[in-house]
Amino acid sequence: EVQLVESGGGLAQPGRSLRLSCAASGFTFQDYAMHWVRQVPGKGLEWVSGISWNSGDIVYADSVKGRFTISRDNAKNSVYLQMNSLRVEDTAVYFCAKTPHSIVAAGTRFDYWGQGTLVTVSS
Amino acid sequence: QSVLTQPPSASATPGQRVTISCFGGNSNIGSNTVNWYQQVPGTAPKLLIFGNFQRPSGVPDRFSGSRSGTSASLAISGLQSEDEADYYCATWDDSLNGPVFGGGTKLTVL
Numbered sequence: 001e002v003q004l005v006e007s008g009g010g011l012a013q014p015g016r017s018l019r020l021s022c023a024a025s026g027f028t029f030q031d032y033a034m035h036w037v038r039q040v041p042g043k044g045l046e047w048v049s050g051i052s053w054n055s056g057d058i059v060y061a062d063s064v065k066g067r068f069t070i071s072r073d074n075a076k077n078s079v080y081l082q083m084n085s086l087r088v089e090d091t092a093v094y095f096c097a098k099t100p101h102s103i104v105a106a107g108t109r110f111d112y113w114g115q116g117t118l119v120t121v122s123s
Numbered sequence: 001q002s003v004l005t006q007p008p009s010a011s012a013t014p015g016q017r018v019t020i021s022c023f024g025g026n027s028n029i030g031s032n033t034v035n036w037y038q039q040v041p042g043t044a045p046k047l048l049i050f051g052n053f054q055r056p057s058g059v060p061d062r063f064s065g066s067r068s069g070t071s072a073s074l075a076i077s078g079l080q081s082e083d084e085a086d087y088y089c090a091t092w093d094d095s096l097n098g099p100v101f102g103g104g105t106k107l108t109v110l
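The listed protein sequences derive, respectively, from chains W and U.
Going by the working numbering, the residue at position 108 of the first sequence is 108; the numbering climbs one at a time, nothing skipped.
Going by the working numbering, the residue at position 18 of the second sequence is 18; the numbering climbs one at a time, nothing skipped.
It should be emphasised that the hints constitute simulated quantities derived from the structure, not laboratory data.
The beta-carbon is built from N, C-alpha and C at its ideal position, and this holds for glycine as well.
Wrong hints could be hidden among the right ones.
[As the list claims (entries may be wrong)] Listed below are the simulated DSS-like cross-link pairs for lysine-lysine, each with C-alpha atoms no more than 27 angstroms apart in a straight line:
{"#": "1", "chain 1": "W", "residue 1": "Lys43", "chain 2": "U", "residue 2": "Lys46"}
{"#": "2", "chain 1": "W", "residue 1": "Lys65", "chain 2": "W", "residue 2": "Lys76"}
{"#": "3", "chain 1": "U", "residue 1": "Lys106", "chain 2": "U", "residue 2": "Lys46"}
{"#": "4", "chain 1": "W", "residue 1": "Lys76", "chain 2": "W", "residue 2": "Lys43"}
{"#": "5", "chain 1": "W", "residue 1": "Lys65", "chain 2": "U", "residue 2": "Lys106"}
{"#": "6", "chain 1": "W", "residue 1": "Lys76", "chain 2": "U", "residue 2": "Lys106"}
[Stated by the list, open to error] Only part of the chain U face toward chain W is listed, based on derived beta-carbon distances under 8 angstroms:
{"#": "7", "residue": "Phe53"}
{"#": "8", "residue": "Phe63"}
{"#": "9", "residue": "Thr91"}
{"#": "10", "residue": "Ser95"}
When you get a sec, could you build the whole thing from the sequences and use the hints?
In structure tokens:
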């Protein structure tokens, strides 16, 4: 059974940092691209970042470019999102999502999602 | 403001058919396949339709998808109370070099 479990969310002050983790199991993690998608409570979905199977291709939404860094450790079956210079508007539930493809640009078919972790940015 | 435009709400009675539209442009829907997600509030999104019209295993054939030009549609026939949820379209945008989502449509089963 595929499982994605996010952790690392919480309360942070504007300008500070948080690191989210997503632990994967139930599939050959190293073969697939992974993404982060966020959702402001009560609002719609917003794609944040994606990383290819071998970390060779990484893309970011303009809203987080230069502040967030996605990475993965295939030996630990995990993907991470380092969030720096946090802003109030980064407050959201952050989901990690698996794709059935190895590259990021293969599309938006997110076949499995984690349950999400809430990040609150407030002073 | 989402790149893909969906109606904010839709409603129908049990047993009826409802259609949700998703409008985009040449750099997104016009060039790439569309996927649809169902999200019950408080839970993670679930892949409902991929590749414009294909259903993952376990998704009832009451759900169907289509794409024409720069728009796509999700149709739900034989509506059931359990279909009450938020629905999102998504595709890749060549200009933005990343995935884009529609703003979501809240479906109410009356």
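Hints versus structure:
1. W:Lys43 x U:Lys46: holds (16 angstroms)
2. W:Lys65 x W:Lys76: Given that 27 angstroms is the threshold and the Cα spacing comes to 25 angstroms, the pair holds.
3. U:Lys106 x U:Lys46: holds (15 angstroms)
4. W:Lys76 x W:Lys43: With Cα atoms ~32 angstroms apart, lysine 76 of chain W and lysine 43 of chain W exceed 27 angstroms; violated.
5. W:Lys65 x U:Lys106: violated (30 angstroms)
6. W:Lys76 x U:Lys106: Status violated; Cα separation ~38 angstroms.
7. Phe53: This interface hint is violated because 13 angstroms lies over the 8 angstroms limit.
8. Phe63: violated (15 angstroms)
9. Thr91: Result: holds, 6 angstroms to nearest chain W Cβ.
10. Ser95: Violated, about 11 angstroms.
Checked against the numbered hints above, the structure breaks hints 4, 5, 6, 7, 8, 10 and satisfies the rest.
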